[in-house]
Amino acid sequence: MIEVKNLYKSYGRADNIIALKGVSFTVNDGEIFGVIGPDGAGKTSLFRILASLILPDSGSAIMNGHDVVKDYKTIRQIIGYMPGRFSLYQDLSVEENLKFFATLFGTTIEENYHLIKDIYRQIEPFKNRRAGALSGGMKQKLALSCALIHKPEILILDEPTTGVDPVSRKEFWDMLARLKEQGLIILVSTAYMDEAGRCDRIALIKEGEFIATDTPQGIIDNYSGVLWAVQGSRMSVILHELRAHHLIKSSFAFGDKIHITVDEGLQAEELKQYLINKNFEDVNVFPIEPTVEDCFMALTN
Amino acid sequence: MRKKVIEVSNLTKKFGNFTAVDHITFDVDEGEIFGFLGANGAGKTTAMQMLCGISMPTAGEGRVAGYDIIKENELIKRNIGYMSQKFSLYEDLKVWENIRLFGGIYGLSEKEIADKTDELLKRLDFEQERDTLVKYLPLGWKQKLAFSVAIFHEPKIVFLDEPTGGVDPAMRRQFWEMIYDAADRGITVFVTTHYMDEAEYCNRVSIMVDGHIEALDSPAALRQQFNTDSMDEVFRKLARKAERF
Chain A
1 MIEVKNLYKS
11 YGRADNIIAL
21 KGVSFTVNDG
31 EIFGVIGPDG
41 AGKTSLFRIL
51 ASLILPDSGS
61 AIMNGHDVVK
71 DYKTIRQIIG
81 YMPGRFSLYQ
91 DLSVEENLKF
101 FATLFGTTIE
111 ENYHLIKDIY
121 RQIEPFKNRR
131 AGALSGGMKQ
141 KLALSCALIH
151 KPEILILDEP
161 TTGVDPVSRK
171 EFWDMLARLK
181 EQGLIILVST
191 AYMDEAGRCD
201 RIALIKEGEF
211 IATDTPQGII
221 DNYSGVLWAV
231 QGSRMSVILH
241 ELRAHHLIKS
251 SFAFGDKIHI
261 TVDEGLQAEE
271 LKQYLINKNF
281 EDVNVFPIEP
291 TVEDCFMALT
301 N
Chain B
1 MRKKVIEVSN
11 LTKKFGNFTA
21 VDHITFDVDE
31 GEIFGFLGAN
41 GAGKTTAMQM
51 LCGISMPTAG
61 EGRVAGYDII
71 KENELIKRNI
81 GYMSQKFSLY
91 EDLKVWENIR
101 LFGGIYGLSE
111 KEIADKTDEL
121 LKRLDFEQER
131 DTLVKYLPLG
141 WKQKLAFSVA
151 IFHEPKIVFL
161 DEPTGGVDPA
171 MRRQFWEMIY
181 DAADRGITVF
191 VTTHYMDEAE
201 YCNRVSIMVD
211 GHIEALDSPA
221 ALRQQFNTDS
231 MDEVFRKLAR
241 KAERF
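Protein chains in written order, with this note's numbering: chain A, 1 to 301; chain B, 1 to 245.
With the rest of the complex left out, here is chain A (with noise of 0.2 Å):
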């Protein structure tokens, strides 16, 4: 279980730059718990804190009953850490990574090798090849094997899917979704709000606080207020001329689609007309289900 309790961090001469303004949240065992936010949001920085590489200004953090400041060592022992950027020794194979990491611990590749086959049997093949001219997925699932080569009770893994393409990503929620199955609390942070889903609980952060903690679901549940999706063709044009009108409170495009927050006196019919009268024919508007992106817009704006 992890209990942080009203982290504070700031940085700068003067600490004039503010990373987290006083966060606090519980993980529980077996959990997969994301930390979703835009860059700058604080999210390196808590997960620093939890991995006991820099301190906090106040506040504190006990992760499996040990603190991460006064037990920093044990701390370091039971965690698995993976940072933003790949940090690896690029100079070294493959395999004398993932070698190097098991004795740091104390440990071999054979002893714990079951809990990194399913991920580095992917990767086996290039054992020998310089972990620095690995293409970025393949860098990825050596990061994620070397971080869990000394059996971790929690794994702490910094935006470990950003800039990677779609595909290569639901595969790496799949497997955490199995390394879970393990008993492995799993802390993760992601820029992409549409991987909230395969978290168990998310925070949606911002600016160093946490905005809303909650189940995906349960963030979906509380949005407040009446959404709709308004679609056709000329979206750009269409999207101006929802602005304009008084009774939209926003307007912004998702995808194909346009979503919009209204006024309760409006009925999606009347939009629809009032568009038509615009010489938008084929305009179509209908109520839609928020989605987590759409959540934290509302949250934030």
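Don't read these hints as lab results, they were simulated from the structure. Just so it is clear, CB atoms sit at the ideal spot from N, CA and C, and this is done for glycine as well. Any given hint could turn out to be false.
Unchecked claim - PhoX-like mimics (lysine-lysine), calculated; alpha carbons at most 25 Å apart, straight line:
#  : chain 1 : residue 1 : chain 2 : residue 2
1  : B       : K135      : B       : K86
2  : B       : K237      : A       : K257
3  : A       : K139      : B       : K86
4  : B       : K122      : B       : K111
5  : A       : K117      : A       : K180
6  : A       : K139      : B       : K237
7  : A       : K206      : B       : K135
8  : B       : K122      : B       : K156
9  : B       : K14       : A       : K139
10 : B       : K4        : B       : K71
11 : B       : K86       : A       : K206
12 : B       : K3        : B       : K156
13 : A       : K170      : B       : K241
Said to hold, decoys possible - Chain B stretches covered by chain A per the calculated footprint, using a threshold of three residues with CB under 8 Å from any CB of chain A:
#  : stretch
14 : 131-143
15 : 155-167
16 : 233-241
With chain A fixed as given, assemble chain B onto it according to the hints.
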């Protein structure tokens, strides 16, 4: 017929016995927003480097912004804009210094730079940030400024390499509205992204798999062709065929 800003045929790049880009042929119209998609390692970056005139093709030919990519690659560099998430602006320079630097690199006069800087800062509502070091700007602001700087010299085409990675959802959409404005002014936009909702905002998208262009059409036509209602699914169906990673 609309003017072509990119026309390439059989463009190929080999590194030793590895073919990173394998005979790609396509064109892009003036003012078009063209999405260049593909899995990691599919060859997008290599292809883009050839289009920007910074990497010589092993075979094939083409023209970008009116210049031959083999014989006139220096002229290409001068007539395009470029921005990526990884490199865009100098963090230790102020907002106005970055604008001046890039304006100067692209050969604008001091007078032009001064006039256009005022106009740009006003349009972005950035006037009070004129003397701010770029490193102190929030990421979303930085990306907006970087895009404006990339098209400051009014290039025929701007190349955007994952410009919105990690950007706040509302900012990401504002960024795309800037892309639309640029396209309306006739600037062609060539953009890569891993956000499939953004693929929908392009006039046409191409999807690269193992060095080939496996599909090229409007998002609506691609969805129809692959019998699905999401670009995510189109991408998944194509990328599943990939053999290298």
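Results for each hint:
The suggested pairing of B:K135 with B:K86 holds, with an alpha-carbon distance near 13 Å, which does not exceed 25 Å. Taking the CA atoms of B:K237 and A:K257, the gap is near 22 Å; set against the 25 Å cutoff, the hint holds. For the suggested pair A:K139 and B:K86, the alpha carbons sit about 18 Å apart, so the restraint of at most 25 Å is met. Using a Cα cut-off of 25 Å, the hinted pair B:K122 and B:K111 holds, with the two alpha carbons roughly 17 Å apart.
With a C-alpha separation of about 15 Å, the suggested pairing of A:K117 with A:K180 holds against the 25 Å cut-off. Of the supplied pair hints, the one linking A:K139 and B:K237 holds, its CA atoms being roughly 24 Å apart against a limit of 25 Å. Annotation: proposed proximity of A:K206 to B:K135 holds, straight-line Cα distance about 18 Å (limit 25 Å). The straight-line distance between the Cα atoms of B:K122 and B:K156 is roughly 23 Å, inside the 25 Å bound, and the hint therefore holds.
The straight-line distance between the Cα atoms of B:K14 and A:K139 is roughly 22 Å, inside the 25 Å bound, and the hint therefore holds. With a CA separation close to 19 Å, the supplied pair B:K4 and B:K71 stays within the 25 Å bound. Only pairs whose Cα atoms come within 25 Å are accepted, and B:K86 paired with A:K206 is accepted, the gap being roughly 22 Å. As the CA atoms of B:K3 and B:K156 are separated by approximately 11 Å, the hinted pair is consistent with the 25 Å bound.
Straight-line distance between C-alpha atoms of A:K170 and B:K241 comes to about 15 Å, which keeps the hinted pair within the 25 Å bound. Counting residues of the stretch 131-143 of chain B whose C-beta sits closer than 8 Å to any C-beta of chain A gives 3, which meets the bar of three, so the coverage hint holds. For the stretch 155-167 of chain B, the assignment as covered by chain A holds, since 4 residues bring a beta-carbon within under 8 Å of that chain's beta-carbons and 3 suffice. For the stretch 233-241 of chain B, the assignment as covered by chain A holds, since 4 residues bring a beta-carbon within under 8 Å of that chain's beta-carbons and 3 suffice.
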